Amino acid sequence: MMPSQGPGGAPGVRVEDASAGTNGAARASATDDVLVRVRDLTFRRGERVIFDGLDLDIRRGAVTAVMGPSGTGKTTLLKLITGQLRPDAGRVEIGGVAVHELDKSALYRLRRRMGMLFQSGALLTDLNVFDNVAYPLREHTDLSPSLLRKLVLLKLEAVGLRGARALMPSELSGGMARRVALARAIALDPEMILYDEPFTGQDPISMGALVSLIRQLNDAANLTSVLVSHDVAETSRIADHVYLISHGRVVAQGSPAEIAAERSTWVRQFMDGQADGPVHFHYPGPSLAEDLLSRGGR
Amino acid sequence: MLFDPLARLGRGGLDALARFGRAHRLLLAMVLGIGEVLRRPRLLIAQVYNVGVLSMLIVGVSGLFVGMVLALQGYYVLARFGAAESLGLMVAASLVRELGPVVTALLVAGRAGSALTAEIGLMKATEQLAGLELMAVDPVRRILVPRLFGGVLAMPLLAAVFSAVGVIGGYFVGIGLLGVDAGAFWSQMQSAVDFREDVVNGVIKSLVFGVVVTWIALFQGYDCSPTSEGVSRATTRTVVHGALAVLGLDFVLTALMFGG
Chain B
2 MMPSQGPGGA
12 PGVRVEDASA
22 GTNGAARASA
32 TDDVLVRVRD
42 LTFRRGERVI
52 FDGLDLDIRR
62 GAVTAVMGPS
72 GTGKTTLLKL
82 ITGQLRPDAG
92 RVEIGGVAVH
102 ELDKSALYRL
112 RRRMGMLFQS
122 GALLTDLNVF
132 DNVAYPLREH
142 TDLSPSLLRK
152 LVLLKLEAVG
162 LRGARALMPS
172 ELSGGMARRV
182 ALARAIALDP
192 EMILYDEPFT
202 GQDPISMGAL
212 VSLIRQLNDA
222 ANLTSVLVSH
232 DVAETSRIAD
242 HVYLISHGRV
252 VAQGSPAEIA
262 AERSTWVRQF
272 MDGQADGPVH
282 FHYPGPSLAE
292 DLLSRGGR
Chain E
15 MLFDPLARLG
25 RGGLDALARF
35 GRAHRLLLAM
45 VLGIGEVLRR
55 PRLLIAQVYN
65 VGVLSMLIVG
75 VSGLFVGMVL
85 ALQGYYVLAR
95 FGAAESLGLM
105 VAASLVRELG
115 PVVTALLVAG
125 RAGSALTAEI
135 GLMKATEQLA
145 GLELMAVDPV
155 RRILVPRLFG
165 GVLAMPLLAA
175 VFSAVGVIGG
185 YFVGIGLLGV
195 DAGAFWSQMQ
205 SAVDFREDVV
215 NGVIKSLVFG
225 VVVTWIALFQ
235 GYDCSPTSEG
245 VSRATTRTVV
255 HGALAVLGLD
265 FVLTALMFGG
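Chains B and E, in that order, give the protein sequences. Per the numbering used here, the first sequence starts with residue 2, numbered consecutively. Per the numbering used here, the second sequence starts with residue 15, numbered consecutively.
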């Protein structure tokens with residue numbers, strides 16, 4: 002089990018006590034500038050509990066990072082926020098509206114105000130780069146072809162891929178595909194963008210440009226950004242607020258500086274990438290000796 | 015322990031019922047989404063091309079050989095009763111009533127149906143469907159509806175091609191190889207093949223098979239587990255379920271249409 006740390010460490014950091022079930026995030030940030038409010042969220046996949054009373058707030062106009070070890074449900078959280086999944090209990094609200102209570106047409110209206118960058122890019126493989134970025138514009142607007150072209154080229158310019166507009170998705174690297182997906186996500190000038198592991202597969206040059214782009218996009222268009230990642234350094238560079246989640250709950254939150262100064266063993270292990278600590282590298286199971294000596298088939 | 019097999023059986027039954035329900039909900043959603051293809055006919059045309067035109071070769075070649083075999087087999091039976099001139103009638107009636115719609119549907123299930131399942135399944139596995147949802151684009155209306163109606167439109171056209179090529183195959187064998195009188199071949203066919211009884215019923219069968227085969231293919235892709243194994247299993251199920259549904263429905267439709 003993940004040991005949780007009591008409050009303490011750097012000033013301003015709230016380290017949540019998972020075993021006590023406190024709702025620190027809820028109490029601390031429940032103000033009007035909150036765009037996304039998650040309360041007492043419970044979600045299971047079969048017998049496995051992904052979230053167990055999760056509380057967090059996403060402030061308008063801020064870049065909020067959600068970090069945590071692999072398998073803690075970061076992508077699942079994005080799917081719950083966007084209404085792709087429904088919580089087993091608790092509430093996920095955007096602008097005061099419970100996402101999971103919306104009917105299909107209301108949910109689609111809400112999604113027009115969001116953009117999401119998938120981990121895989123999720124580009125339509127039968128369309129080239131230009132048409133992929135133009136897709137939401139063609140679906141939801143009546144722009145003239147010349148205006149649409151200009152807009153698409155501007156979006157592609159922002160991600161540095163204007164010259165690649167004629168390429169098919171199969172001709173792109175993973176990092177390029179995600180940049181195209183980012184251009185598509187911002188095509189309709191959404192109010193909120195959700196990034197699912199945007200830095201994976203990026204070379205150092207693209208990474209630096211992408212990190213700056215996410216920040217610039219957020220500030221220039223007054224967006225609200227939710228950044229799910231386990232790239233600590235890059236995420237800390239641009240985030241206004243960081244949530245660290247593990248075992249279905251928020252274990253620590255605060256500004257990147259506050260998180261960096263936090264001394265709790267769990268936070269330090271994650272932020273510094275230490276192999277030893279409260280988070281085990283090995284998935285729970287019998288000892289290696291036991292397994293090797295057993296007569297089981299697998 | 016004692017009740018484990020019973021529990022598994024019950025769970026399997028419930029899963030099957032749930033799938034059955036999901037399949038019908040999907041069909042209803044696709045039928046209600048017909049407005050999408052009316053608003054954007056280019057989507058429909060593209061799918062008629064994918065399902066129809068791209069299946070022409072296999073359907074045409076199969077029709078040719080089926081017609082030739084029918085003529086060969088039919089000739090020896092008919093000649094025994096001194097009715098070899100009825101060869102044209104026998105070939106045409108068999109093709110238009112039964113073999114055209116049924117074999118075409120089986121071929122389409124194997125060729126286009128499996129391709130549709132793999133396409134939709136891979137779109138699901140690579141999050142393209144989820145991406146559309148997140149862009150507030152309904153994947154059922156945008157992706158599945160044009161494919162359903164494309165398949166429904168293409169099926170009778172392909173069956174017509176199959177039957178026409180089959181008749182030509184029968185003509186080559188009957189007249190060219192076996193020496194049946196060409197005039198008798200065509201005139202018997204013309205006088206005895208009834209438009210309403212044979213052709214219209216054949217078209218109705220094709221339309222029904224078009225709905226069922228395309229529906230099964232799309233549902234299997236849409237409902238599959240988003241893994242390589244899941245897509246592979248769904249593709250197999252499309253061919254097996256599609257073929258069984260076509261053969262079963264053919265019996266029911268034949269009984270209703272020609273059962274007296």
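Incorrect hints may have been included.
To be verified - List time: in silico EDC-like cross-link candidates among lysine to aspartate or glutamate, alpha-carbon distance up to 20 Å: (1) Lys105/B to Asp212/E; (2) Lys151/B to Asp132/B; (3) Lys105/B to Asp237/E; (4) Lys80/B to Asp237/E; (5) Lys80/B to Asp53/B; (6) Lys80/B to Asp152/E; (7) Lys105/B to Asp208/E.
By construction, these hints were calculated from the structure, which means they are not laboratory data. For clarity, every value in this text was computed on a predicted model and none was experimentally measured.
Here is what the structure says about each hint:
1. The suggested pairing of Lys105/B with Asp212/E is violated, with an alpha-carbon distance near 45 Å, which exceeds 20 Å.
2. Of the supplied pair hints, the one linking Lys151/B and Asp132/B holds, its CA atoms being roughly 13 Å apart against a limit of 20 Å.
3. Distance check on the hinted pair: Lys105/B and Asp237/E sit about 19 Å apart at the alpha-carbon level, within 20 Å; holds.
4. Between Lys80/B and Asp237/E the CA atoms are separated by roughly 18 Å; this keeps the pair inside 20 Å, and the hint holds.
5. For the given pair, Lys80/B sits about 16 Å from Asp53/B by alpha-carbon distance, which is consistent with the 20 Å threshold.
6. Restraint check for Lys80/B and Asp152/E: the C-alpha separation of about 16 Å stays at or below 20 Å, so the hint holds.
7. Of the supplied pair hints, the one linking Lys105/B and Asp208/E is violated, its CA atoms being roughly 49 Å apart against a limit of 20 Å.
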